[in-house]
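Enquirer: Sequence:
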Amino acid sequence: MPNLLSKLPFDLPFLKPAAGASAARVGLPQNETNQSATSQVSPNQTPANQAAANQADNRPSSQTNEPQTDPNQQRQLKTFAQGLVTIQDIIAPEAIEVDFTFQKINSTYTRTLFVAGYPRSVPANWLSPLINFPHQMFVSMFIFPVDVKEILDSLKRKITEMEAEIQSDIRTGKISNINTEVKLEDARLIREQLAKGSERFFQFGLYVTLEAQNKQELDRVTKSVQSTLGALLIVSKKATLQMDDGFKTTLPMGNDKLLVTRNMDTTSLATTFPFTSSELTMEQGIVYGINEHNDSLVIFDRFQMENANMVVFAKSGAGKSYTVKLEVIRQIMFGVVVMVLDPEREYEELTESMGGEYINFTFGGQTKLNPFDLSSVYEEGENELGQKIISLHGLLKVMLGQITATQEAILDRALVATYKAKGITPDPATQTNEPPLMEDLYKTLIGMETDEAGDLAARLEKYITGSFRGIFDQPSNFNITNQLTVFSVKEMQDELRPVAMHIILDFLWTRIRRDLRKRVLIIDEAWYFLRHQDSAQFIYSMVKRARKYYLGITTITQDVEDFLRTDYGRAIVTNSSIQLLMKQSSAAIPILAETFYLSEGEKYLLLAADIGEGIFFAGQNHVALRVVSSEEEHQIITTNPEELLMKQRQKQIMENMEPGEKLPAAVTVAEPQEAPPDNAVAPAQQSISQQPPSQQLSQQPLSQQPAQQSPQQFRHSIDDYRPPS
1 MPNLLSKLPF
11 DLPFLKPAAG
21 ASAARVGLPQ
31 NETNQSATSQ
41 VSPNQTPANQ
51 AAANQADNRP
61 SSQTNEPQTD
71 PNQQRQLKTF
81 AQGLVTIQDI
91 IAPEAIEVDF
101 TFQKINSTYT
111 RTLFVAGYPR
121 SVPANWLSPL
131 INFPHQMFVS
141 MFIFPVDVKE
151 ILDSLKRKIT
161 EMEAEIQSDI
171 RTGKISNINT
181 EVKLEDARLI
191 REQLAKGSER
201 FFQFGLYVTL
211 EAQNKQELDR
221 VTKSVQSTLG
231 ALLIVSKKAT
241 LQMDDGFKTT
251 LPMGNDKLLV
261 TRNMDTTSLA
271 TTFPFTSSEL
281 TMEQGIVYGI
291 NEHNDSLVIF
301 DRFQMENANM
311 VVFAKSGAGK
321 SYTVKLEVIR
331 QIMFGVVVMV
341 LDPEREYEEL
351 TESMGGEYIN
361 FTFGGQTKLN
371 PFDLSSVYEE
381 GENELGQKII
391 SLHGLLKVML
401 GQITATQEAI
411 LDRALVATYK
421 AKGITPDPAT
431 QTNEPPLMED
441 LYKTLIGMET
451 DEAGDLAARL
461 EKYITGSFRG
471 IFDQPSNFNI
481 TNQLTVFSVK
491 EMQDELRPVA
501 MHIILDFLWT
511 RIRRDLRKRV
521 LIIDEAWYFL
531 RHQDSAQFIY
541 SMVKRARKYY
551 LGITTITQDV
561 EDFLRTDYGR
571 AIVTNSSIQL
581 LMKQSSAAIP
591 ILAETFYLSE
601 GEKYLLLAAD
611 IGEGIFFAGQ
621 NHVALRVVSS
631 EEEHQIITTN
641 PEELLMKQRQ
651 KQIMENMEPG
661 EKLPAAVTVA
671 EPQEAPPDNA
681 VAPAQQSISQ
691 QPPSQQLSQQ
701 PLSQQPAQQS
711 PQQFRHSIDD
721 YRPPS
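Numbering-wise (my numbering), the sequence shown opens with residue 1 and increments by one.
Wrong hints could be hidden among the right ones.
Here are the simulated distance ranges between beta carbons [to be verified]:
1) Thr180 / Pro119: 32 to 42 Å
2) Val182 / Arg157: 44 to 54 Å
3) Gly466 / Gly355: 36 to 46 Å
4) Thr281 / Ser376: 51 to 61 Å
5) Tyr597 / Gln402: 31 to 41 Å
6) Leu645 / Asp610: 53 to 63 Å
7) Phe273 / Gln620: 51 to 61 Å
Hint data in this document are derived by calculation from the structure and do not stem from the laboratory. Every residue, glycine too, gets a C-beta built ideally from N, C-alpha and C.
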């Protein structure tokens, strides 16, 4: 049923307030567009008695029967005599100039508009274009509850009059007035709702005061605001000759000096509720980007959710790695320990810039991780050794391939025996002993002297004495001591990469459980694990238990379809409170729409999204997000080949410079032998030497932009994200 906002078919008198009504005042805090609004409910006043009060305030003292002393005047005289300065003297403007259509306070121009006409029906959130208007303004709404009995009496009289008018037209053969019929229908409906008590009645006033630094800007903004309201079929007018009263009306004082109101029922009044913008802003947290709906900041603390897990889905080149690396920088600023599993070596420069530790896990590398390590943490009700053996089952299935149920049972006995040979049992006191190695398991299998055990030992042999020896059968010689630790497996052979990733994750999980700290674990290209059921099960187990250890796990993938078509993939999404969907291929949209219940508009947004744009889900809320970075952040995390080449050339030049030598006159991206013709240099190839060193690698949003940008295009500085000292 539409919300009836048409003026009722009679002129309402200034009505008495409802008996027993209580006063309330609701203030809208200043939002991202520097606007403010105040909804002021004055149940002990109506436009009539407030008008009388306003007149009484301005009545000269000579009109009273007895001379009265003005307390304010006495106070002012006393203050003047003592030579004191009051707070009012300090905050009062130096000068106020009141004109017919504007008011000038010091150097600021103001103008008040009032709403004089409304459409017959409006949707919810119809004030959104005004509340989110990109200019500083003050919006005030006055709500006067009125007596329902008097409304019902007036409705009864008007309904009788309109029915008589229609019957008269019928008797005389005239065509009845369609406007009268519509008004009669509305009046009957409102009378019925008022009689049932499902609606109440109010007088409503809406006022807007605009600010500008000069008259021309004030005229431009006024025209724009009136056009915005006109698009909603709302008639707004200037408070001509009442600019002073209009300005005072929009101050948070609860005093309507203009008294331009119209009647509304409860349903219609509810549509004026101003707090309808979809926002994801917490008092604490990191900046994930900008809300594309209203340009507010998306500030969020993932650790305040029911779990701190996050999934990121995007096609190649959509900006997912850029976005996650940006979060890494900002989480580190807040003291969070970050660990990254990097299959494609995309985090190396970030790690170097942030002073982190980059572990290149290779065939002949120095870093060794023993998958048999125990956490040495005793938790009541849990069997640490049993959990480790279950984890090793998953790893060995990845290493050995498909095994039978009989072989799995043999493998279980062999693992228990291998630990027992080192004196390690389910007793927590024994679990600080030196853990076994993969070679110890190999020897245990050989010692069983069965065909199934021999087959398992033969398959394990290549990791012990064969071509892959020395990688997974050595004691661990590494511990996490840095706030940022990144493990790369890019240089591992394709056959060993899934095994190495599983071992690294198991190693990290073991270390995480040893002490409670706020941590984030990032698993890039998570589809690697989904190809192996045991690895997928291991990640799901980590995701499900991460909250217990103050851990947030971020899984990133570009193979959305494969990820969501697996049971463990869907379970990981379900157990992640935050989801970020960025640009997608058309093939991935159907399964995303089914999983995240996307609307048609959201489907189109994901198809047409620019680099760095997407939909940010946090619990039950979601917003359209645009990722932005500061100049310094962009220099660290960019993956643009052109910018990387520029940085590489700069680095080479600086390395070859002698002490005290100045930077060459020009450093360009183009190859030296391919100098472009005069006046034909593309923006991205222009010399960067003309800019100050701090601006030579300018910040950009993720979408491709010209290299030269104005400072105004930078939304934030890296200092904006630093926590207070």
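Enquirer: State the violated hints by number, sorted upward, taking the hints as numbered earlier in the document.
Expert: 1, 2, 4, 6, 7
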